[in-house]
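Protein chains: 2
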Amino acid sequence: MAHTIPLTPLAATLPDTVPFVGPEAQERKRGRPFRARIGANENGFGPSPAAVAAMRAAAPEMWKYCDPENHELKAALAARYRISPAEFAIGEGIDGLLGLTVRLFVEPGQAVVTSLGAYPTFNYHVAGFGGRLVTVPYRQDREDLEGLLEAVRREEAPLVYLANPDNPMGSWWPAGDVAAFIDALPPMTMLVLDEAYGETAPDGTMPPLDTSRPNVIRMRTFSKAYGLAGLRCGYAIGHPETVRAYDKVRNHFGMTRMAQAAALAALSDGDHLASVIAQTAACRVRIGEIARGNGLSPLPSATNFVAIDCGRDGAFALAVMQGLIARDVFVRKTMAPGLDRTIRISAGPDPEIDLFEEMLPQALAEAGRLD
Amino acid sequence: MAHTIPLTPLAATLPDTVPFVGPEAQERKRGRPFRARIGANENGFGPSPAAVAAMRAAAPEMWKYCDPENHELKAALAARYRISPAEFAIGEGIDGLLGLTVRLFVEPGQAVVTSLGAYPTFNYHVAGFGGRLVTVPYRQDREDLEGLLEAVRREEAPLVYLANPDNPMGSWWPAGDVAAFIDALPPMTMLVLDEAYGETAPDGTMPPLDTSRPNVIRMRTFSKAYGLAGLRCGYAIGHPETVRAYDKVRNHFGMTRMAQAAALAALSDGDHLASVIAQTAACRVRIGEIARGNGLSPLPSATNFVAIDCGRDGAFALAVMQGLIARDVFVRKTMAPGLDRTIRISAGPDPEIDLFEEMLPQALAEAGRLD
Numbered sequence: 006m007a008h009t010i011p012l013t014p015l016a017a018t019l020p021d022t023v024p025f026v027g028p029e030a031q032e033r034k035r036g037r038p039f040r041a042r043i044g045a046n047e048n049g050f051g052p053s054p055a056a057v058a059a060m061r062a063a064a065p066e067m068w069k070y071c072d073p074e075n076h077e078l079k080a081a082l083a084a085r086y087r088i089s090p091a092e093f094a095i096g097e098g099i100d101g102l103l104g105l106t107v108r109l110f111v112e113p114g115q116a117v118v119t120s121l122g123a124y125p126t127f128n129y130h131v132a133g134f135g136g137r138l139v140t141v142p143y144r145q146d147r148e149d150l151e152g153l154l155e156a157v158r159r160e161e162a163p164l165v166y167l168a169n170p171d172n173p174m175g176s177w178w179p180a181g182d183v184a185a186f187i188d189a190l191p192p193m194t195m196l197v198l199d200e201a202y203g204e205t206a207p208d209g210t211m212p213p214l215d216t217s218r219p220n221v222i223r224m225r226t227f228s229k230a231y232g233l234a235g236l237r238c239g240y241a242i243g244h245p246e247t248v249r250a251y252d253k254v255r256n257h258f259g260m261t262r263m264a265q266a267a268a269l270a271a272l273s274d275g276d277h278l279a280s281v282i283a284q285t286a287a288c289r290v291r292i293g294e295i296a297r298g299n300g301l302s303p304l305p306s307a308t309n310f311v312a313i314d315c316g317r318d319g320a321f322a323l324a325v326m327q328g329l330i331a332r333d334v335f336v337r338k339t340m341a342p343g344l345d346r347t348i349r350i351s352a353g354p355d356p357e358i359d360l361f362e363e364m365l366p367q368a369l370a371e372a373g374r375l376d
Numbered sequence: 006m007a008h009t010i011p012l013t014p015l016a017a018t019l020p021d022t023v024p025f026v027g028p029e030a031q032e033r034k035r036g037r038p039f040r041a042r043i044g045a046n047e048n049g050f051g052p053s054p055a056a057v058a059a060m061r062a063a064a065p066e067m068w069k070y071c072d073p074e075n076h077e078l079k080a081a082l083a084a085r086y087r088i089s090p091a092e093f094a095i096g097e098g099i100d101g102l103l104g105l106t107v108r109l110f111v112e113p114g115q116a117v118v119t120s121l122g123a124y125p126t127f128n129y130h131v132a133g134f135g136g137r138l139v140t141v142p143y144r145q146d147r148e149d150l151e152g153l154l155e156a157v158r159r160e161e162a163p164l165v166y167l168a169n170p171d172n173p174m175g176s177w178w179p180a181g182d183v184a185a186f187i188d189a190l191p192p193m194t195m196l197v198l199d200e201a202y203g204e205t206a207p208d209g210t211m212p213p214l215d216t217s218r219p220n221v222i223r224m225r226t227f228s229k230a231y232g233l234a235g236l237r238c239g240y241a242i243g244h245p246e247t248v249r250a251y252d253k254v255r256n257h258f259g260m261t262r263m264a265q266a267a268a269l270a271a272l273s274d275g276d277h278l279a280s281v282i283a284q285t286a287a288c289r290v291r292i293g294e295i296a297r298g299n300g301l302s303p304l305p306s307a308t309n310f311v312a313i314d315c316g317r318d319g320a321f322a323l324a325v326m327q328g329l330i331a332r333d334v335f336v337r338k339t340m341a342p343g344l345d346r347t348i349r350i351s352a353g354p355d356p357e358i359d360l361f362e363e364m365l366p367q368a369l370a371e372a373g374r375l376d
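Taken in order, these protein sequences are the chains called V and E.
Residues in the first sequence are numbered consecutively from 6, following our numbering.
Residues in the second sequence are numbered consecutively from 6, following our numbering.
Chain V extracted, bound-state conformation (with noise of 0.2 angstroms):
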């Protein structure tokens, strides 16, 4: 059946799965919601209120197309960040600028090198346009910078991803270590440094701005911090000519003007990210308390989630992820060699941890009896 339809020979291959399974496939096959929604690194405090309220002003305006320019919004960025408007790229969230950035650096069979364990939907992307991907297993849970640097250089990349605060363990470089790993990169190698954590990070963790290197585009979102994640607007920074090349690949027309609306109105309100960010890091630390009374080890984190380690093996921390499913929590965990042994869990308002502090030696009594 797979070839009756005339796809590409590279189409072919691909399989047709989605990276991440929904919490809403979930809910559907279980037959009941979830009551704690803290699996995905979504923000559930929620967007600003200026946020809300240019989304309801906005809505009778949907007829129209958005500004394929996103002049408004880049103009907003670049005096947030002291650059010029020409430094941004706007895409349909980091995920969608990432897949255009494999398209524009890629060509199919060229290694493209990320960490074993981190972002599903990068590789994705560079499956999906033929490039192959070229895996470094984290070192004490932190991308390993050095391994990195060697596996560019070895398979001449033309592109290698590092996020920082990482995903899915929460942690992170100090910004001098990923500065020093920008100027060990040979120059025909494209960094992504996804940066959609970067908010919540200790000070000190991002490098400051410095566009001057046309090899280095960092990505940004207003998924997160901003609690926007459900629509869609992320953004890059880079050198001029460098995010110019977006316009060569993007879908001009692809923001929805709902989200440009959005985006510029949280941007304003930095009263409420302060409020988030201060949220998050509270939640973080009871995140902690709650897998330290249950005998487990919380990893440190920059993130807006707590990477907790089960202290056994990958298929203890899969029961313990499905009990505490079974129980109406959604959380999630990486299945990669090495750490697989943690659940990970998102900051998000009281009732829901409370409901997960409930739950979790539920979980972890019914996955000991498992063995």
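Just so you know, these hints were derived from the structure itself, not from any lab.
Positions of the beta carbon are idealized from the N, C-alpha and C atoms, including for glycine.
Misleading hints may appear alongside valid ones.
To be verified - Not the full set, but computed from the structure, chain V residues with beta-carbon under 10 angstroms of chain E:
(1) Gly27
(2) Ala56
(3) Ala63
(4) Met67
(5) His76
(6) Glu77
(7) Leu109
(8) Gln115
(9) Glu160
(10) Gly235
(11) Tyr251
(12) Lys253
(13) Met260
(14) Gly298
(15) Leu301
(16) Leu304
Given the coordinates of chain V, work out where chain E should sit on it, guided by the hints.
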């Protein structure tokens, strides 16, 4: 400068220009807003109040990613069309789906057949994936079905594009002719049948849905009759195996949750849709009368716009369009040889058409003086 970043050879050849300049960019250049926005085939009658209410209700929930399976929307579309949810792919507007279509079915260097002057965004995607565009001139302001078929056979094209009703001319073929076109297609040629304007076409324009052929993909959208262009929600209807192929390459979490909510509500409001269709039909008549009242020839239209033959050459029509724009009336025209004698006016609310009616004689007089 163009090669200081390590683009792929294909990407390096692509221009970084937008297929259409948006009205907002023109407004920034002009330094003042348009007073009539009737140039982009948007639906100024606006979305259903039910859709607006759904958007407003959904706004605080935008911290959640979309359901990547688009389950509810597919179910609602399936109920509407009395086919299976498995016969739909959902995407970020037809624009987004067209990009994925080219990616799935066209290898660099292969021929892709379309009409000369047909949808520029499709052409943009073909170029973006290295396809070789083969164009067939319109005949009597309609896409030339015979000519398209001949080109498909001659070029052994893996993909052909046909819009019915057509943009930019507003013309259409009866369903029987389209069905005959489909029957005559080589089985290894995919047809993209763009039915973005299907809702406003006369009965008997769209062939009955028949998803038995794997090589036909029909594209529809919430951007036109449903008035949700700014939310980016289109869908493809086809053989289950064909539409499943989009899962190989689409950005699974790329839909906005807002678009899902709004489209679902819009679909449920048949009264509003009927009202928009009626208003559009009446407005087409009025635009035609205005054209004739100024000695011009409106072309018959099955869409939400009217192409007006300005009766002279492309330079004259261009001057008319520029005269309207200078008078705060946003309209567009095609530059394609043979079609370029027309300007294109979108149906819209009376005040915008009133302004068009007021300004057209001035624009014509001014254009006439330019000789």
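Hint by hint, here is what the structure shows:
no.: 1; hint: Gly27; in the structure: 5 angstroms, holds
no.: 2; hint: Ala56; in the structure: 8 angstroms, holds
no.: 3; hint: Ala63; in the structure: 8 angstroms, holds
no.: 4; hint: Met67; in the structure: 4 angstroms, holds
no.: 5; hint: His76; in the structure: 7 angstroms, holds
no.: 6; hint: Glu77; in the structure: 9 angstroms, holds
no.: 7; hint: Leu109; in the structure: 5 angstroms, holds
no.: 8; hint: Gln115; in the structure: 9 angstroms, holds
no.: 9; hint: Glu160; in the structure: 14 angstroms, violated
no.: 10; hint: Gly235; in the structure: 3 angstroms, holds
no.: 11; hint: Tyr251; in the structure: 8 angstroms, holds
no.: 12; hint: Lys253; in the structure: 4 angstroms, holds
no.: 13; hint: Met260; in the structure: 8 angstroms, holds
no.: 14; hint: Gly298; in the structure: 28 angstroms, violated
no.: 15; hint: Leu301; in the structure: 27 angstroms, violated
no.: 16; hint: Leu304; in the structure: 24 angstroms, violated
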